[in-house]
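Residue numbers (the working numbering), protein chains in the order written: chain L, 1 to 354; chain B, 1 to 311; chain A, 1 to 299.
Just so you know, these hints were derived from the structure itself, not from any lab.
What you are looking at is a predicted structure, and each value in this text was computed from that prediction instead of being measured.
Every residue, glycine too, gets a C-beta built ideally from N, C-alpha and C.
Check the hints yourself; a few may be wrong.
[Claimed, not checked] Some chain A residues flagged as far from chain L (calculated, every beta-carbon gap over 12 Å):
no. : residue
1   : N20
2   : M46
3   : T86
4   : A93
5   : D95
6   : I96
7   : K98
8   : L129
9   : Y137
10  : H155
11  : P175
12  : K218
13  : G241
14  : C250
15  : K263
16  : G281
[Unchecked claim] In the DMTMM-like style, the derived pairs of lysine to aspartate or glutamate whose C-alpha atoms are separated by at most 25 Å in a straight line are:
no. : chain 1 : residue 1 : chain 2 : residue 2
17  : L       : K259      : L       : E155
18  : B       : K293      : L       : E155
19  : B       : K229      : A       : D41
20  : A       : K153      : A       : D291
21  : L       : K253      : A       : E113
22  : B       : K293      : L       : E266
23  : B       : K209      : L       : E155
[Unchecked claim] With the Cβ distance kept under 8 Å, some of the chain L side facing chain B (calculated, not the full set):
no. : residue
24  : K38
25  : D67
26  : G69
27  : N71
28  : N99
29  : K101
30  : I103
31  : K241
32  : P310
33  : T339
34  : A343
35  : D346
36  : M347
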Amino acid sequence: MIKIAFPHMGDYHIPANYLLSHIFPNTIVIKAPKITSKTIELGTKHSPEFVCTPFKYTLGTMIECLDEGANILIQMGGGCRYGYYAELQEKILKDLDYNCKVINLVTEGQTNIKRINNLLKQIDPKYSKIKALYYGFITLKMVKYMDKIDDYIRENIGFELTVGSFESLKEEMLITFSHVKSYKELYRAYKRYLKKFHNIKVHKPDNRLKIGIIGELYTIMEPFSNYYLEKELAKHHIEIKRFTNVHYLLFEKAHKYKKYKKYSKEYFTYNMGADASDNIARSKYLCEHNYDGIIHIKSSFCTPEIGAMPIINKIASFYHKPVLFFSFDSATSETGINTRLEAFYDMLEMRKDK
Amino acid sequence: MKECYLGVDIGSISTKGVIIDNNNKIITSAYIWTEGNPVEAVRKLLNILKDKLPKQYQVKGIGTTGSARKLIGLMLKACIVKNEITAHAIGTLTFYPNVRTILEIGGQDSKIILIKNGIITNYAMNTLCAAGTGSFLSSQAKRLGIKVEDFGDYALKSKNPVKIAARCTVFAESDLVHKSQVGYAKEDIIAGLCKSVVLNYLNNVGKGKKIVGPIIFQGGVSKNKGVVKYFKEILKEDIIVDENSHLMGAIGIAVLARRNKTGHTYSLELKNVKFITKAFECHRCPNTCELLKIYRNDELVDSWGSKCGKY
Amino acid sequence: MRVGIPRSLFYYYYGDIWKNFFDSLNISYIESPKTNQEIIDRGIKMANDEMCLSLKNYLGHIDYLKDKCDYILVPRISNFKNSNQTCTNFWAAYDIVKNLFPVNILHYNIDLEKGQTLKKGLYKIGKELNKNHHEIYKAYKYAITREKKRIKKNHIINLNKLKVNKTKILIVGHPYNLYDEMIGKDIIKYLIKNNIEVIYSDKFDSKITNPLSKKLSKDLYFKYSKDNLGSIIYCKNNIDGVIFISAFPCAPDSLANELAMRKLQIPHLNLVIDDSTSFTGLETRLESFLDMLGGSLND
Chain L
1 MIKIAFPHMG DYHIPANYLL SHIFPNTIVI KAPKITSKTI ELGTKHSPEF VCTPFKYTLG
61 TMIECLDEGA NILIQMGGGC RYGYYAELQE KILKDLDYNC KVINLVTEGQ TNIKRINNLL
121 KQIDPKYSKI KALYYGFITL KMVKYMDKID DYIRENIGFE LTVGSFESLK EEMLITFSHV
181 KSYKELYRAY KRYLKKFHNI KVHKPDNRLK IGIIGELYTI MEPFSNYYLE KELAKHHIEI
241 KRFTNVHYLL FEKAHKYKKY KKYSKEYFTY NMGADASDNI ARSKYLCEHN YDGIIHIKSS
301 FCTPEIGAMP IINKIASFYH KPVLFFSFDS ATSETGINTR LEAFYDMLEM RKDK
Chain B
1 MKECYLGVDI GSISTKGVII DNNNKIITSA YIWTEGNPVE AVRKLLNILK DKLPKQYQVK
61 GIGTTGSARK LIGLMLKACI VKNEITAHAI GTLTFYPNVR TILEIGGQDS KIILIKNGII
121 TNYAMNTLCA AGTGSFLSSQ AKRLGIKVED FGDYALKSKN PVKIAARCTV FAESDLVHKS
181 QVGYAKEDII AGLCKSVVLN YLNNVGKGKK IVGPIIFQGG VSKNKGVVKY FKEILKEDII
241 VDENSHLMGA IGIAVLARRN KTGHTYSLEL KNVKFITKAF ECHRCPNTCE LLKIYRNDEL
301 VDSWGSKCGK Y
Chain A
1 MRVGIPRSLF YYYYGDIWKN FFDSLNISYI ESPKTNQEII DRGIKMANDE MCLSLKNYLG
61 HIDYLKDKCD YILVPRISNF KNSNQTCTNF WAAYDIVKNL FPVNILHYNI DLEKGQTLKK
121 GLYKIGKELN KNHHEIYKAY KYAITREKKR IKKNHIINLN KLKVNKTKIL IVGHPYNLYD
181 EMIGKDIIKY LIKNNIEVIY SDKFDSKITN PLSKKLSKDL YFKYSKDNLG SIIYCKNNID
241 GVIFISAFPC APDSLANELA MRKLQIPHLN LVIDDSTSFT GLETRLESFL DMLGGSLND
């Protein structure tokens, strides 16, 4: 019996689960256990010493899934060394005596339909392409709607009048999304929830703080790995702007890159790997659009972002905007993060008052 | 009755308390070791302050800062609880309104705060490890068999500081052992250590920051004349070290307490207040959060450490 | 007019081509000296704390050259087609240097997937230095012919070493680390002093080694890591051990070397060099590795 599983990243397990269980009706899709401290402990224990942290998180989840009986693991990543995770992870898992296969749907940062088709055939040779295309379409739309709603939530959650109203509505929405049967149903649900979200009462003062979050994609999108940074900021009534989400990576990145390049040509000429160039352009955007500060987050040893950091620093000092850099590792202390964060918004408040 | 304000800074190593009046003038202050028990330390501190405080004063505000700020904040019912970075900046600005850069190297942390026109414009803290901080220096002092207080005098004697790799505590230690076995003079090694603390600080915490005078150097390590000398030499700027620099955090939070006063009058008497913390480990999920429940006179006032928000 | 050539990173792949090219065009150039402590310190000062030692080192060389020449040569190397990318630091080096140093940069881009070749790159440089088409063509041909000869020669030297009747160790690493005075040089010196025949992974012809890497890793797409792993396969029956040398925290090595070590059946040692690594620590590890290979402990 084939049992598929995949590592977590934010709420995206919902569309991924939806897709896989519809394409492969004869297989079991195992829901990966929530990421906990144990996950990262497990991952770190079996990972090479100076690999970036997403490797450790995903490896930890994989081991947890294998313990629940999975035998096919799906990994997606590319653009830097992320694209090479799969092969090494498979080897590590085999050395741990797990019998499994790790399939990487994206490698070297490119999505190739033919390649994906071949990989899916490996899971189930009789899978229906038509079905895959149809449910693939719904899934991608689901991702798009989720990302749109999330953008709205980020801008407003810090100002909700009843604490928790955004979060509980979102939970409800995700459950509804995971049960839709057709695109039409999904679209209607999206419209309905969009309205509901807009109806949540918020109080946004004119002099509110606005912060942009940029950085390495996994750390940005998996809240456990960034110690729930966005939640922490919302508690302090801050409006959050975030650019990176799955929809961006799949559909917008390619043409946005050209715009970004033109917009910040004085700072970069070439693609510097993963989202490094994007983040340089975004820093300039945030500085020019009246944001009070920038928070740059990444996992330790993320090479492309490390290259972008001196340039981001240069932009921020040119515009006299503060940047807070975080490099998260499995050993990062939460108290340390909170002290730095607190000081950051104290500083922003003081700058604002002057 | 005159009004006054108490600021308490509870660090991992020492606990500081300052009482100021309406003009930010220090009325009295106290400095004791935390000894791993912030609650007891604060009880002791308040006893000392109570005896020192002239009778005509009435405490109209209390603020807490430092690593145990939240706990002590609850205990004292503080009107403001702030992190130490902000408190230090405010405290320093009270005495040096023109300061542009604050360098700070403490026991575990090192930080830099940039100020322009009286407001913090940027800051940074050490990211990776404790290399080059106070605890690192005192462990090296022990290894060399010297009191850490004498470090500065030794360093000033040296003409040729030895190069020591100080990016990481472990590497620095092995390098140090190696250098002392090869036979370098003690003062040269100590001077090298002091210099490496400065270089490490500038390369890590101070990276990409424009350091402009007037510069104030604070934290435990600022008492080390060797480190001060190399900061002067490398930055080519004068470095101010205030004798009250260890109290700046407490002063800052006292100033903030004055600004946030509620009208409530506080008592420094803690005898009748029972304050207990209970730790336990939650096993509802594999996170196994270490929770801390805080009771004030047998009433649960708060609990911390939960990742899921259940408590 | 003088061009500055930093003796780091790209230098170890393209240095000879550049020098021959400039010689033929009659352009004067200055190379930064072999890495020394001062250069490393300059690099650390300019670089970000978490950058790999090799990149810090590179920035140190640029800093050394910044007021000694009119241009500094900083190429950008992205990929060589067919799943042969470089590390993202090679993609970004040009932009990092451009932002950190107020210098004139002479640069070209190698991105074979987009048709940007070395030839086009050198033509671009020639034109920027006001040389005509014919001169550039001649210089390019000269440099490339020399380069081909050099590759062939290195390959044969390496092959001959495999036949020597001594303990043979294959050193696996990037040339900008292996031959750098402050990174790999001491290790190699130590091995030679101890009568070891040292074979270098980068000196084999990559046309041969690159495809061989498939036997160790089917998905690897880092060109220089592929060359390195291929060289292990190429000579694994003729060597006694492998030493991996990498700079902390090298991104491709962190994965590719780990995979190789998990699959290899030959004795191996992994050395990761940081700016605060002291040779004393390395010496202990090298010594015990050699003892193990020599079997002297088993007697």
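Hints versus structure:
1. N20: Correct as stated: the minimum Cβ-Cβ distance to chain L is 26 Å, above 12 Å.
2. M46: Nearest chain L Cβ is 8 Å from M46/A, so the label is violated.
3. T86: violated (10 Å)
4. A93: violated (8 Å)
5. D95: Violated, since 5 Å does not exceed 12 Å.
6. I96: violated (6 Å)
7. K98: Given a closest Cβ separation of 7 Å, the condition is violated.
8. L129: holds (20 Å)
9. Y137: holds (27 Å)
10. H155: Given a closest Cβ separation of 27 Å, the condition holds.
11. P175: holds (19 Å)
12. K218: Its Cβ does come within 12 Å of chain L, the nearest being 7 Å, so this is violated.
13. G241: holds (20 Å)
14. C250: violated (8 Å)
15. K263: Label violated. Min Cβ-Cβ 7 Å, cutoff 12 Å.
16. G281: Correct as stated: the minimum Cβ-Cβ distance to chain L is 16 Å, above 12 Å.
17. K259/L - E155/L: Satisfied, since the Cα-Cα distance of roughly 24 Å is no more than 25 Å.
18. K293/B - E155/L: violated (33 Å)
19. K229/B - D41/A: Given that 25 Å is the threshold and the Cα spacing comes to 20 Å, the pair holds.
20. K153/A - D291/A: With Cα atoms ~32 Å apart, K153/A and D291/A exceed 25 Å; violated.
21. K253/L - E113/A: Answer holds: K253/L to E113/A is near 19 Å, not above 25 Å.
22. K293/B - E266/L: violated (54 Å)
23. K209/B - E155/L: violated (30 Å)
24. K38: Nearest chain B Cβ about 4 Å off; hint holds.
25. D67: violated (12 Å)
26. G69: Constraint on G69/L not satisfied, violated at 18 Å.
27. N71: violated (22 Å)
28. N99: With a closest approach of 24 Å, the N99/L hint is violated.
29. K101: Check failed: Cβ of K101/L comes no nearer than 26 Å to chain B, outside 8 Å.
30. I103: Hint violated; I103/L Cβ to chain B Cβ min 27 Å, cut 8 Å.
31. K241: violated (20 Å)
32. P310: The hint holds - P310/L has a Cβ within 8 Å of chain B, the shortest such distance being about 7 Å.
33. T339: Since the shortest Cβ distance to chain B is 5 Å, the answer is holds.
34. A343: Holds - the Cβ of A343/L comes within 8 Å of chain B, reaching about 4 Å at its closest.
35. D346: Given a least distance of 4 Å, the restraint on D346/L holds.
36. M347: Since chain B brings a Cβ to about 4 Å from M347/L, closer than 8 Å, the hint holds.
Comparing the model with each earlier hint shows violations of hints 2, 3, 4, 5, 6, 7, 12, 14, 15, 18, 20, 22, 23, 25, 26, 27, 28, 29, 30 and 31; every other hint is respected.
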